[in-house]
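So the protein sequences, as listed, match chains A and B. First residue of the first sequence? That's 1247 in the numbering used here, and the numbers climb one at a time after it. First residue of the second sequence? That's 100 in the numbering used here, and the numbers climb one at a time after it.
These aren't lab readings, by the way, just hints derived from the structure by calculation. Treat the hints with caution; some may be incorrect.
Said to hold, decoys possible - Listed next, the in silico SDA-like pairs over lysine to any residue satisfying Cα-Cα at most 20 angstroms (straight line):
1) A:Lys1704 with B:Gly184
2) A:Lys1469 with A:Glu1426
3) B:Lys195 with A:Ala1398
4) A:Lys1704 with A:Asp1723
5) A:Lys1465 with A:Glu1690
6) B:Lys195 with A:Ser1650
7) A:Lys1531 with A:Leu1360
8) B:Lys195 with B:Gly216
9) A:Lys1469 with A:Thr1443
10) A:Lys1704 with B:Gln213
11) A:Lys1531 with A:Thr1443
12) B:Lys195 with A:His1332
13) B:Lys195 with A:Gln1387
14) A:Lys1773 with A:Gln1364
15) A:Lys1462 with A:Asp1446
Here the structure is a predicted model, which means the values were calculated and not measured.
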Amino acid sequence: MAFVDTRTLGDGEVIEADICIIGAGPAGLAIATAFEGDSTRIALLESGDNGFDDDTQALAAGEVVGIPYPDLDVVRLRMLGGSSNHWGGNIRPMDALDFEVRDWIPNSGWPFGLEELQPYYKRAAEFCGVPNEAFEIASQQAAVGASPWSFADDAIATQVFQTVGGEARALGAYHEETLENSSNVTTYLFANVVDITTDDLSSQVSELTIRTLNDKTLKARAKHYVLAAGGIENPRILLLANKTRAAGLGNENDLVGRYFMEHLTSPDFALLFPSDPQLDFRFYKDFEADWGETWGMLTFSEEVQRSAGLVNARFQAAKITNEFNKNIDEPGMQSLTKLVQAGSSGRVPDELERHLANVIADIDDVAQSGYYRLFHHPNYPLVSIDLVVISEQIPNPDSRVYLSQEKDRFGQNRCVLDWRLTDLDSENLTRISDQIQRQFGRSELGRVRIQLPEGGYKNINPHPHYHHMGTTRMDNDPKRGVVDANCRLHEASNLYVAGSSVFPTVGNVNPTLTIIALAYRLADHLKGLKS
Amino acid sequence: MTAVLSTNRRVLLTALLALPALGHASQASPHKERDQLTGLFSNRQSAAILGQAYLQQQPEEADRQKLENLLLSPGNLQVLAPEDGNLDQVGTRNLKAAFQTLRRRDFDEGNVRQIGGCMLSVTELRLCALVALS
Ligand SMILES: Cc1cc2nc3c(=O)[nH]c(=O)nc-3n(C[C@H](O)[C@H](O)[C@H](O)COP(=O)(O)OP(=O)(O)OC[C@H]3O[C@@H](n4cnc5c(N)ncnc54)[C@H](O)[C@@H]3O)c2cc1C
């Protein structure tokens, strides 16, 4: 059925299908292609072209208040493949604990566990062209010829991440041929869904309104509808669908747009001084694979997360500095004097790192690598590894997307992103710092230095990842969630939501593999309804 | 002071302060192996600097005898010299290993301090402080 340029269709024309999917990003694409070859008629309605289009992209603009964030028309893309046209391609399934109710994290808990998503994660990895076994430690070990670091009581675990590369990176282009050749999926390009119409009780969607940039208005009708327009646009479209209920569709409990979450990163925050300057970190470095890249990262064990009451966080070994520790040889107690002076003003000079490196190596007894003592005595090389911390944000109802007074070219309210953190997030960062320092120390692997901005944890400037999550959260209780466990709107029984907007909590991993897994699960659910 | 206590202090200080022999490592020495292991810190200046930073936080411990008592507390001696509480027979290598056990215990029990943003065990910092005062 291939591709249709909606601008060429007649004004007032009606598109009929069994399922209408709004948005052809990774979520919409996965659902549509899951039906490929089926008898179900799918209309995949995509706002953009199969390449970049300035006028369409301008529809993505919005306002930013709250924590500074890049412009909203920069952090997402309106074209076939959605934001996967400029994503980093980093993927990994979420952890089992991420799905559980954790009593130390308010509003945590998915309506199902990891085991429910496992088979779909497998298909999601294939969708991205990545072999499933690539996530296994043994496979990475064999590929890089190195082992992960070993921590006391396995308090810190190593996990393997993949970076989708090559042809698969732009998921729209990667699956374009499948869409092109599909007998039952029609992809409508330049089809901007501007309204969702329901019956008087808003319990059933009856049709969608589509506008094109050449000023045509069309309708689309189906038995089922899937909203897959991205984590900011999903709530916007629901809030704009306000003809039946002024608060918007699915918003009877004022939840649509709330609980916006991002992953939290503080660059230059933690520095590892390994006890052994020769510590093998190959497992954690990017390793080129046939499908892209693969690399290891560190995360706290479930037990540590539970006992220390932590959010899920991961640590990536980023920049490595390896410098021979030469300056320390300076005679006299110059450095000591400096340190004492600095100490009284609360500042510690940089050469502390060199002294730490020496003392830590001695104390952790790297004496088997007596090499250093023999040839470079008395100083060890100064090796330090930047540890990038990426953690989940705690669900916060005040962090949200809502409608702006500004209008787009169709006269529709743009959206406002008001991203907010709470004290609980900074408290968690404190706890994470404490644990990472403690676990490296007790495992005799080194010491971690935390570099805080003036004013402490509260003043850490979170670096956005462009992961837009939580804004139509999933919960079987309509008072706590916009969609149920099947991603179906509580309010309208034939409207489903796909994408990271349904995530109740977000773990520490990038969202797209989970988005795709959930999309496959939703496709199976819809197939089940049909049968 | 009992004889064992004074021996223990002497052994601790010797281990901390004995000059490592690396400057002479290339020379033939019948004691090369032992010499290389002598000394808990190969760079005493570094240890002294960290020790000094610790003493700034804990000025009440800025006393050699007090530090020795803390490091050689009965609880620590059970780890350092489990046989008879006498360090004389322990040997530097074993002493180092025992201090590692103590340090790990510190991390487990939260007996740690932050020096310049780095979490260090109180035992290792007290050893550094002793170097600073010696
Ligand atoms: C710079 C960057 C780097 C990233 N790196 C990673 C990474 O390494 N790993 C990772 O997992 N994630 C990453 N992400 C996030 C990732 O891109 C998203 O999670 C993913 O694209 C979301 O997929 P989606 O299908 O839900 O939404 P989108 O990709 O946003 O797709 C939504 C689609 O809906 C269409 N649409 C919107 N509104 C309408 C409408 N009204 N009518 C019709 N169609 C509409 C859009 O045109 C778009 O094609 C990154 C994002 C960015 C911006």
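These are the hints, each one checked on the structure:
1. A:Lys1704 with B:Gly184: 48 angstroms, violated
2. A:Lys1469 with A:Glu1426: Status violated; Cα separation ~23 angstroms.
3. B:Lys195 with A:Ala1398: This hinted pair holds, its Cα atoms lying about 19 angstroms apart.
4. A:Lys1704 with A:Asp1723: Given pair A:Lys1704, A:Asp1723 is violated - Cα atoms ~33 angstroms apart, limit 20 angstroms.
5. A:Lys1465 with A:Glu1690: 65 angstroms, violated
6. B:Lys195 with A:Ser1650: Violated - the C-alpha atoms of A:Ser1650 and B:Lys195 are around 65 angstroms apart, more than 20 angstroms.
7. A:Lys1531 with A:Leu1360: Judged against 20 angstroms, a Cα distance of about 27 angstroms means the pair is violated.
8. B:Lys195 with B:Gly216: Violated: B:Lys195 and B:Gly216 sit about 25 angstroms apart, past 20 angstroms.
9. A:Lys1469 with A:Thr1443: 13 angstroms, holds
10. A:Lys1704 with B:Gln213: 19 angstroms, holds
11. A:Lys1531 with A:Thr1443: 51 angstroms, violated
12. B:Lys195 with A:His1332: Roughly 53 angstroms between the alpha carbons, so the hint for B:Lys195 and A:His1332 is violated.
13. B:Lys195 with A:Gln1387: 33 angstroms, violated
14. A:Lys1773 with A:Gln1364: Cα-Cα ~19 angstroms, so holds.
15. A:Lys1462 with A:Asp1446: 26 angstroms, violated
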